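K.L.:
Spelled out, the chains give:
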Amino acid sequence: MIEFLLKGILRDKSRSLLPIIIVTIGVSLTVMLSGYIRGAMGDITDQNARFETGHVKVVTRAYHENMDQLPIDLALLGVDSLQEVLSTKYPDVQWVKRTRFGGLIDVPDENGETKGQGPAAGMSLQLLDDKSGEIDRLNIASSLVKGNLPTKRGEALIGDDFAHKLQIETGDEITYVGSTMNGSMTFKNFVVSGTIRFGVAAMDRGTIIADIADVQEMLDLFDGSSEILGYFNEGVYNDDKAKTLKADFNQNLDAADEFAPMMLTLKEQNNLASYLDYVDLYSAFFVGIFVMAMSIVLWNTGLLGGLRRYQEFGIRLALGEAKNQIYKTLILEAILIGVIGSVIGTAIGLGITFYMQYEGIDISEMLNNSTMLMPTILRSKFTPDLLYIGFIPGLIAMVIGNALSGIGIYKRETAVLFKELEV
Amino acid sequence: MKTDIIVSLENVTKKFKDGDGEFTALKNINLQFGKGEFAGLVGPSGSGKTTLLNIIGSLDSPTEGNAFVMEKNIAGLSHKASALLRNKHIGFIFQVYNLLPVYTVFENVEFALLLQDYNTSERKKMVMEALEWVGLQNMPDKKPAKLSGGEGQRVAIARAMVKRPEILIADEPTANLDANNAHVILQMMKKLNKELDTTFLFSTHDEKVMEYLERIVHLEDGKVVKDEIRTKVVAS
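One line per chain: the protein sequences are A and B, in this order.
For the first sequence, position 290 matches number 290 in the numbering used here, and the numbering has no gaps at all.
For the second sequence, position 10 matches number 10 in the numbering used here, and the numbering has no gaps at all.
Chain A on its own, in the form it takes in the complex:
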């Protein structure tokens, strides 16, 4: 019977073409947009993890409560031993120290007078420690626009846009002006070894990156850092694993000590949890809308097709097919058409996804004033679930459409067959 129905579907274009086109469009849009959402979300999550949140992060409770102010005075102390403890207890996570700080960059001219000044968002990393993996993690080498990576203490990288704005060349000396963790004023000279562009608008505007030892000295933050970030060795964020790790670490948290180190997961930072949940909700909503819209269109198509096939149903009833058998074959036809449309739609959707994975959409213009850690080019991402995700709206919509339109079969009186068939 399936072969018989398939022949009918393939030969009777008016029965199959429009539903297949509708399913194909719906499925390809579902696959394409799902791939795009995954890609964009993956990029944003990855970007946040690499630059700011880690997969997990250890900070003091007080620092956590005021994290948006980058309060150096609430930083972790004794970080060398803490990092060692973390590395021993959780060996499948790589732990790195970082300090984020704010201040002013002053650029002197040849006479030592101020040539330009600008606010800077600083980040100190274990730049000179090859084992930290920070250079690879932040793609610093490939983000270099000019010059070289720092090779010794006293060297720093600055954002390329920032360098242009302040007319800084590699090899120039700049002065950081800020305050120490104790609140006193501090000055520190750095030699600009290179300029970088991460492709993250919020980072590229005023970044200065220096080795953590220089910054500890500069901020009187001896054996301290504002945070310790943990990255899973497999390189991918796993929320369950992060939660387990956090629960284990925080179980002995001293609630009375505001400087006690506490662990946060990626999703708990930068509003990522609500953001990711929001995107999940929208994705489900979006697929739901597709299923509903396609079902309504296919319902109507099915009704029109049903009217056209009234004669066929009459013959089939006369030949001894029961109404529920005819209804079942309509559902079977819907599944066949749904599968055909879903296969074609998935192929088209995947093609666009692969194209978007390599080309992406440039949103840099929109991010000029953004403070979010977002990549300037959003790309789709192929994931194995895209191979089947389109089948959900494709099949459901087609089956619902035909199931609703096929109800008419049950309202038909078998007894009037002779009259109906004598056209």
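In case anyone wonders, no lab produced these hints; they're calculated from the structure.
Remember, it's a predicted structure, so these values are computed and weren't measured experimentally.
SDA-like cross-link-like pairs, simulated, lysine to any residue; straight-line CA separation at most 25 Å:
no. : chain 1 : residue 1 : chain 2 : residue 2
1   : B       : Lys226    : B       : Asn28
2   : A       : Lys152    : A       : Phe187
3   : A       : Lys131    : A       : Thr88
4   : B       : Lys146    : A       : Tyr310
5   : A       : Lys7      : B       : Pro101
6   : A       : Lys323    : B       : Leu113
7   : A       : Lys323    : B       : Glu166
8   : A       : Lys7      : B       : Leu147
9   : B       : Lys72     : A       : Ile326
10  : A       : Lys323    : B       : Glu71
Got chain A; can you put chain B on it based on the hints?
P.N.:
For chain B alone, coordinates are given in the frame of chain A:
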């Protein structure tokens, strides 16, 4: 009349709603048809021919009385059971051929067998045999649109006969055919009637059909007014 009774109508009455009232299409019909009969229901429009064929074909059920077809009482059959009865034991031929346009001649005939448990090779053998009965064995791949009127009705006969039903119900089967084709079709049916011992029940106004009928039941106003056994008929 044959002794092997396969259709037995006992006091069959059929009433339809007609606005606020009722219209009685069949009144107290008592008839029997035996295996291998070649019989017809004849009468003016509104005499109840089609209603009676609908009941015998298990497409409708009587309001009163009993209608036994292949020992099943149509009066108490569920939709599913009546579909099964049609599937196994009853074939239909309509005034227009009602072939499925997207399928070939072979597939149209094969469709009747798809509802039963035959395998592919059995179906192929049975379909080709049915096409041979009606002389269309050379055109199994033709689409209905390419067939003449006579050929179309022959495919319809093959489709009705392929499952070798005990009863074949034909409603004005020659109404759309010219005289020559009508005789060809009727001779073919008569031949199948003799060879396969199938009971043919016609509803007709057509004199050409009546020439072939061995029994004619005359209906008027829902009642049997004459049940005529004929000895002088056109042979196959």
